Every structure is written in structure tokens, then in C-alpha cells.
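Based on the hints, put chain B in the right spot on chain A.
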Amino acid sequence: MSPLPETLVEKVGDDTLGVLLGVAGVMVLLTINALFLVWLERKVSAWIQRRMGPTEVGPFGAFQTIADMVKLLTKQLITPRHVDKPLYHLAPLVVFVPVVAAAALFPFSQDLVLLDLDIGLVLVFAFGGLSFIGIFMAGWGSNNKYALLGAMRSVAQNISYEIPLILSALSVVLMASTMDHGMVENGQPVDVNGLSFAHLAALQDDKGFWFILLQPVAGVIYFIAALAETNRAPFDIPEAESELIAGFHTEYSGMRFALFFFAEYSNVFIVAMVATVLFLGGWSGPLLPGPVWFFLKVYALVGLTMWVRWTFPRLRFDQLMSFCWAFLIPLSILNLLVTAFIARVV
Amino acid sequence: MDASHEPEGVSHPDHYILNMGPQHPSMHGVLRLRLEMLGEQIIEAEPIIGYAHRAHEKMAENRNYLMFLPNTSRVDYLSGMIYNIGYCQAVEKVLDIEVPERAQYIRVIACELNRISSHLLWIGTYVMDIGGLTPFLYCWDDREQILDLLDRVTGSRLTYCYGRFGGLTADVDDVFVDGTRRFIDRMRTRLVEYDKLVRQNVIFIERSAEVGVIDQDTCRRYGVTGPTLRAAGVAYDVRKAEPYGIYDRFEFAIPTTTAGDCLARYDVRIREIEESLKIVEQAVRGLPAGPIMPEKPKKKFKPPEGESYFAVEAARGHFGMYLVSDASETPFKLKLRTPSFSNLSSMPAVLRDTMVADTIAIVGSIDIVLPEIDR
Numbered sequence: 370m371s372p373l374p375e376t377l378v379e380k381v382g383d384d385t386l387g388v389l390l391g392v393a394g395v396m397v398l399l400t401i402n403a404l405f406l407v408w409l410e411r412k413v414s415a416w417i418q419r420r421m422g423p424t425e426v427g428p429f430g431a432f433q434t435i436a437d438m439v440k441l442l443t444k445q446l447i448t449p450r451h452v453d454k455p456l457y458h459l460a461p462l463v464v465f466v467p468v469v470a471a472a473a474l475f476p477f478s479q480d481l482v483l484l485d486l487d488i489g490l491v492l493v494f495a496f497g498g499l500s501f502i503g504i505f506m507a508g509w510g511s512n513n514k515y516a517l518l519g520a521m522r523s524v525a526q527n528i529s530y531e532i533p534l535i536l537s538a539l540s541v542v543l544m545a546s547t548m549d550h551g552m553v554e555n556g557q558p559v560d561v562n563g564l565s566f567a568h569l570a571a572l573q574d575d576k577g578f579w580f581i582l583l584q585p586v587a588g589v590i591y592f593i594a595a596l597a598e599t600n601r602a603p604f605d606i607p608e609a610e611s612e613l614i615a616g617f618h619t620e621y622s623g624m625r626f627a628l629f630f631f632a633e634y635s636n637v638f639i640v641a642m643v644a645t646v647l648f649l650g651g652w653s654g655p656l657l658p659g660p661v662w663f664f665l666k667v668y669a670l671v672g673l674t675m676w677v678r679w680t681f682p683r684l685r686f687d688q689l690m691s692f693c694w695a696f697l698i699p700l701s702i703l704n705l706l707v708t709a710f711i712a713r714v715v
Numbered sequence: 054m055d056a057s058h059e060p061e062g063v064s065h066p067d068h069y070i071l072n073m074g075p076q077h078p079s080m081h082g083v084l085r086l087r088l089e090m091l092g093e094q095i096i097e098a099e100p101i102i103g104y105a106h107r108a109h110e111k112m113a114e115n116r117n118y119l120m121f122l123p124n125t126s127r128v129d130y131l132s133g134m135i136y137n138i139g140y141c142q143a144v145e146k147v148l149d150i151e152v153p154e155r156a157q158y159i160r161v162i163a164c165e166l167n168r169i170s171s172h173l174l175w176i177g178t179y180v181m182d183i184g185g186l187t188p189f190l191y192c193w194d195d196r197e198q199i200l201d202l203l204d205r206v207t208g209s210r211l212t213y214c215y216g217r218f219g220g221l222t223a224d225v226d227d228v229f230v231d232g233t234r235r236f237i238d239r240m241r242t243r244l245v246e247y248d249k250l251v252r253q254n255v256i257f258i259e260r261s262a263e264v265g266v267i268d269q270d271t272c273r274r275y276g277v278t279g280p281t282l283r284a285a286g287v288a289y290d291v292r293k294a295e296p297y298g299i300y301d302r303f304e305f306a307i308p309t310t311t312a313g314d315c316l317a318r319y320d321v322r323i324r325e326i327e328e329s330l331k332i333v334e335q336a337v338r339g340l341p342a343g344p345i346m347p348e349k350p351k352k353k354f355k356p357p358e359g360e361s362y363f364a365v366e367a368a369r370g371h372f373g374m375y376l377v378s379d380a381s382e383t384p385f386k387l388k389l390r391t392p393s394f395s396n397l398s399s400m401p402a403v404l405r406d407t408m409v410a411d412t413i414a415i416v417g418s419i420d421i422v423l424p425e426i427d428r
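Residue numbers (the numbering used here), protein chains in the order written: chain A, 370 to 715; chain B, 54 to 428.
Some, not all, of what chain A presents toward chain B, calculated at C-beta under 8 Å:
(1) 417
(2) 418
(3) 419
(4) 420
(5) 514
(6) 602
(7) 603
(8) 614
(9) 679
(10) 680
(11) 681
(12) 683
(13) 684
(14) 685
(15) 686
(16) 688
Everything labelled a hint here was simulated from the structure, so no lab data went into it.
Bear in mind that the values here come from a model prediction, so they are computed numbers and not experimental data.
Here a beta-carbon is modelled for each residue, glycine too, at the ideal position from N, C-alpha and C.
For reference, chain A alone in the conformation it holds in the complex:
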């Protein structure tokens, strides 16, 4: 019998204070994470390309990204004359805000859960869907053909890849919801809610194995689709610098550009967190404390995306779409059907 984690709001006992603390915590976490990931990306790419990467600012160049952020913050905000101003100004925020909101839903360990919602998983995917509305606003509002091409690619790609992404996650949800378990909340036995991150993580911790062992196909599909969802190489066609200059954010500079950048890295972080909870057991692991395990797994996944990015060329747009519709989606549907069959019958 393992107890479900208490959320921060429940611990503090005061809704307003708990929410404020949580939001502040998430903002700090995401900022540090983005700074760290940019540094890590530079170091990983340097390592793969046999370069040094940043070395000058701080130990191992660790403060290079802070210097860059100061630079971006102090730059003049340029608004090109031909843009659609409301859309152009709003777009970075529309991309940025859902990312922050989504990050509040994750259980970092048994004792560190900011907010546990019954529909956590659905909410994260919904927020993920919101951010590409922002991308399309940026592309349309920029009034630039390259930006528009990038934005259209982004919408098509995100809508397509969301299907295998959600279907693969659904397989896990379906499986978890029908499992034997002995979870309690406030001393009362409860049903497992497969859509709640805390439930999923607690279940894996309790059972002592990770869901990737039961759902390897879903895990791989999820990882590929997540790469596409976050516009990471080899699916980075919305920004494809060798074709579309910088894609949807061609016309952005300074802090507005930094917000897109921030959102991109935070998105990578979030899909890695989802994968960690869905497939890699969340905080569960021997010896080390929960948060350490959690972040180890998350950064291992992030490192994997970086490895892929710096070794693979980019797919062409139509190849990307046909890969999704002709291969990933049928496979994920099949996987879901098999899971449903096993969960019901066996």
C-alpha cells in the first residue's frame, strides 16, 4: 500500500499562497532549465563536432548563456514596419505562456508535487496545442513569405504528429487504468486515474518497473512524435535555417526572439518530463532521492534529442508527413488496439 503524494497546495493549506509559490517555483525552474539546456546543447554539439564549445565565461563557459540573456534583454526591440502589429506582439506570449502553465503539472518526486489534476495529461497536450497557434500568429503577423511558409509547415506538422503522440500516451493510460494496484489517498483506497501524472508515477514506483517495458512501441512512437512536436531536428522544418532562414521567427529579434527560444527549450523539457512520467517511472529509482532520479531521466532524454539533432539531416516536408500518416499513426493505432485487447481480455 503506497500513499499518493500530497500536492503543494494541500501542504500549504492555503490555495492562494500555494498557487503563488508553485508558479514562482515553476518560473524559476524553467528559466534555470532553459539557461542550462542552451549551455548543454552548445557543449553537446561541440562534443559531437569535436569543438570546445563555450569556455570563456565562467567554469566550462557555464555563464555564457547568462551573458547571452543579458544581451538579449538589453537589445532594442525592433518592430518591422510591414508587420501586423497585434499579432506580431502577441505571438511570443501565446507561445510562451502555455509552456509555463504546462510545467506546473508534474510530480518531481513523492514529496514535490505542485498541482495534481485529474486531467493532467490532457491539459499538457492541450497547452502543447495552444503554443502552435502562437507560432502561426508569428508567421502570419510577420508578413514575410519565409515566416508564413514556416508557420504553415508548423501547423501541419503539429496537427499530424499530435495524433501518434496522444495515441501512444493513451496506450499507457489505458494500461495503467486497468492495472491491479493498492493505492491510497488520505487512508482511503482509490482508483488509478491514468490521466494524472502523480497517479502514473506512483503506480510505477509501487510496482517497481517502468512502463517502457510493457509499452516499448508506444515509447518509441512517443519519442519520435515528441521530437516533431517540439520542432527539433530532424523534424525542425518550421525553422529549417537552410531553407527558410529562421522560419516563423525570421522577423523577431531581441527579447521577443528569446521568448521563442525559451519556449522551445522549455517544450523539450516538458515532453521529456511527460515521457519520464509515462514511460520511465517518474521519480522511482533506487538509492538516490526522487527529484534526482526524475531530473536524471529527463536530462537523459533531452540529451538523446540533442544527440539526434546533431547527427541527422532534416527530412523534407512531404516525407515528414507521409512518415507520420503512413507509418506512425497506423502503428500507434495498432498498438492501442493490442493494448486494449490485452487489458480487457487477458
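Just chain B now, kept in the frame of chain A:
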């Protein structure tokens, strides 16, 4: 967007014009493509050139033959050695100058090293064009070895002025010869690595195979030469077709494939690097002792009246020099037939009905150097 704005110069109201370049991250210098598009599809592509025009041909008419030497390597800065020495050979042909044996061998070594460095740069930039950033730095690393070797002897890294009428400016030493041998060994192991890193990658094959097919017919129509022509299956290489210098003494093959797509052009270039390594190996082995300049080098001369054509195989194809002399100290006319110009002229036909992403790959795959096109 202003919906009332009617697009100009398009054949259908649904089409729009995308101006790619001259400032674009992957337009290899200052090429501008005016693309008429339908969504992501190219309807018509028109290359617009001239942004790097420096009037090299006109400059040749305003200075004596020797003073044009530094210009040659600036026409195509990526195979400057081949151009520089090719120009020397063209003038030597007119003046009937005998080149010492040792100089002939060093010229072959230098030119083939230059060809390898040019092809290495192409591999890097081509893979970068289709989104793979890492091989670029590996190629750059290997290319750096060649630049260091040539820098030791010639004093420059890119825009060499190594040739003189009748020979060379400087002799090579043991360090250069040993370094070249080491480079040959190193490069052969590196080619295996490229095969693993680039050639076997599924996405690389997907992006390159059956993309931008330039068949023999199109090649003949537009005068396409070099690796692009050989990838279409025509075994034309000036080094074999009309051997110049001492190329007839070396054993090497002309790699060809028949597919004519981007992947074939990659394969041809990789195999050309192998063949060039073979030539360098033979030349280093056979390098004789002796002078590198004739006893009385000609500095000022007036070639007899008349015209001559001399061609060499540059890294990008057939580089020809049509030299007209009016028996004065300056050329009456020096026409440079550069391979990239003809190769680029085939692009409108090839790019029709491709996707934007393929445009970048195809233009990248024919390996154009804009200063060479504009001259």
C-alpha cells in the same frame, strides 16, 4: 497581409514569388533565385546572377600576362590552385615554354590536393544544406590539413599565386612531402568514417536519392560538366579526354554513375577524392629532383598574334581559357569558360516542380561558386 495586393509577374493568380537570396543562409555566396511558387512547390526558378561581378576578364585586358596571375585564384576561390596553374599552362602553351619535371609533379600534387579540399568543402556544405550540421565540421577539419600543407609552400591558404610561366614560385620540402603522405593515409580512414556518418544515414539517402535528376541530355544541352556530368553517366574528364601537364603518366579512373541525382553526385565526388589521393600518391612517389623553374624564365613577352584555347579539369568541371593575342604585352581578350556558369544554367529546367527543400539540396549538389559565375 494586404489581400488586395496582386502578385506581379506570375502566370497564375494562385502563384506567388519567393525571392531567395542574394542574402540567404544557404545560397552559396550571392546567388539569387526568383522562384514562382504554388505553396511549397516551385513552378519556375530563375537564377539571377551578377552580385559578385568583378570584371576579371576586362582586368586581363588592362595588365600584362604576369600581372593577371593573382586574379586567377580569385575567380574560383575554392579551386584557386587549379585555376592559377591552369592559366600558367595556357600561357605556356602559347609561348611554347618547357616546364621542368619537378615543377610538373609538384603542380599535379598541389592541384589534386586543391581538388580534394574543394570536394571536402562541398560534402560539408551539401549535408548542411539538407540539415546535417555535424559533417561540415569534420570536413572542415580534413580540409584544414590540406590548407596547412599548401600554406607552408605557397604562403596562402585559399587564393594561391603559386604558378609562374615555366614553373613555380617555391620548391616543396620534406616536411610537405611527409605531410602529404600522412594526409593520404588519414584521408583514406576518414572516407570510411564519412561513409558511416553521411552515406549510410537513412534520412540522407531519402533526401538525396532521385532528387534533382540531371540526365545526359540536359547536361549536353546546357554544357554541364564536372562531377554533375559524370554522375549522369558521361565519363568526360579533361584530364583524360585531353591530358594536359603530365596527367597521362598517372593511373586513375574516372568515376561515373548513371542515376544523375544528388546521391550520385555525392558518390562521384567521394570516389573522385579517392582517385585524387591515388594521383597524389603516385606523384609523391615519383617526385624527381631538379629545378622548379626554367633557367631563363620569361618575365616580359609578346606572344605571337593569334588565338588559343586551353582547358583544365577544375573541381567543378571544364574550365577553359580562350586567349586572343594581338602581339602586345597584354592579352587582347581572355575569355574564361567557367563550369559553374553552365552548371547553373541548367537549374531552371531541373528545379521545375520540385519542393523548396529540394531546391536547396539541388542547387547545393551542383556545387556552384558564385564569384566564378560572375567573374
